[in-house]
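J.: If you read the sequence shown in the working numbering, its first letter stands for residue 242, the second for the next number, and so on.
Because the hints were derived from the structure by calculation, they are not lab data.
Treat the hints with care, as some may be off.
Keeping only pairs whose Cα atoms sit at most 27 Å apart, straight-line, the calculated DSSO-like set for lysine-lysine is [as the list claims (entries may be wrong)]:
# : residue 1 : residue 2
1 : Lys-501   : Lys-390
2 : Lys-276   : Lys-501
3 : Lys-362   : Lys-501
4 : Lys-501   : Lys-515
5 : Lys-276   : Lys-515
6 : Lys-515   : Lys-362
7 : Lys-501   : Lys-278
8 : Lys-392   : Lys-501
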Amino acid sequence: MEHSTGIFFGPVELIIYTVVMLGLITASAYGASIKYKLVQLGLPENRHPSEEELPKRLWTTVYDVFYWCFRGVRPIVGIMHTFVFVGFLAFLLATTHHVLRAYTNNVEFSILGAVSPFIDKSYALLADVFCILVLIGIGSLAYRRFAMKPKALYPPPEAQGVLVNQESRENPWVESLITILFISALMLTYLSTEGTAVAWTQQGSANFEFQLWRPFSSAFGFILHAFQLPSAALVGIYHVSWWIHILCVLGFAAYIPFSKHLHLVAGPINLYFKRQASYGKIDKNGLVRR
242 MEHSTGIFFG PVELIIYTVV MLGLITASAY GASIKYKLVQ LGLPENRHPS
292 EEELPKRLWT TVYDVFYWCF RGVRPIVGIM HTFVFVGFLA FLLATTHHVL
342 RAYTNNVEFS ILGAVSPFID KSYALLADVF CILVLIGIGS LAYRRFAMKP
392 KALYPPPEAQ GVLVNQESRE NPWVESLITI LFISALMLTY LSTEGTAVAW
442 TQQGSANFEF QLWRPFSSAF GFILHAFQLP SAALVGIYHV SWWIHILCVL
492 GFAAYIPFSK HLHLVAGPIN LYFKRQASYG KIDKNGLVRR
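Given only the sequences and the hints, what does the whole structure look like? Please build it.
T.: Listed below in structure tokens is the structure:
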């Protein structure tokens with residue numbers, strides 16, 4: 242049966258979205274510029290690798306980012322953090338697809354689809370699986386933060402000078418709760434948006450065609466298909482899910498430069514530009530003769 246891939250996004254809705262997107266991107270860039278100015282306060286030092294050193298530097302950075310979770314100190318916590326971090330990377334293209342689907346009015350639009358259907362389906366499977374892994378990771382970290390309450394996460398205010406503001410020192414759990422809600426909503430609305438798209442393209446079909454390359458989204462789509470919802474209901478669910486998902490992405494991007502969770506983004510950058518020479522080595526050029 243031939244199906245429809247278009248869920249109408251009107252011009253007014255697209256204009257509102259474009260304005261909101263540009264505003265939140267500007268807020269994110271403003272926060273990043275503040276942090277960049279703080280970095281510039283330090284003494285200049287060239288830590289850029291040469292062309293010959295670049296492959297090794299990239300490999301070392303990737304190795305350092307993932308190695309710590311297997312060091313044996315807190316391996317389970319490290320693995321849960323890894324699920325969340327890698328999930329962010331895996332969803333960069335998925336979020337781009339969601340944005341472009343509004344402008345193209347095509348719920349199946351995919352950049353990779355124009356390259357190779359196999360690559361497109363492989364990526365869809367990767368995103369679907371990591372969506373669940375991120376939910377497992379963030380759920381485990383939330384349980385540790387709010388149920389187990391390890392002392393390391395609740396130090397007294399006077400011992401929290403490294404945090405970014407007074408509110409974080411007095412209530413260290415607040416920013417964690419905000420981040421957990423952002424990430425959880427982001428993943429859940431991804432499943433609901435993709436699942437609604439699957440159900441939308443199979444309207445009127447007697448049998449539901451389960452998409453193995455999108456197993457968890459298809460499960461959500463199967464539920465909607467079983468209820469035989471009218472087109473207007475599917476359009477409403479899709480638009481609500483899409484808006485919440487996009488606002489979570491852009492809102493988190495605007496929020497994170499001002500939060501203590503900036504290390505999620507800044508950590509790999511710091512590792513890439515970390516000093517390669519021994520920290521005990523004295524730079525003779527900096528010595529002053531008397």
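J.: What are the numbers of the hints that this structure violates, sorted from low to high?
T.: Violated: hints 3 and 6.
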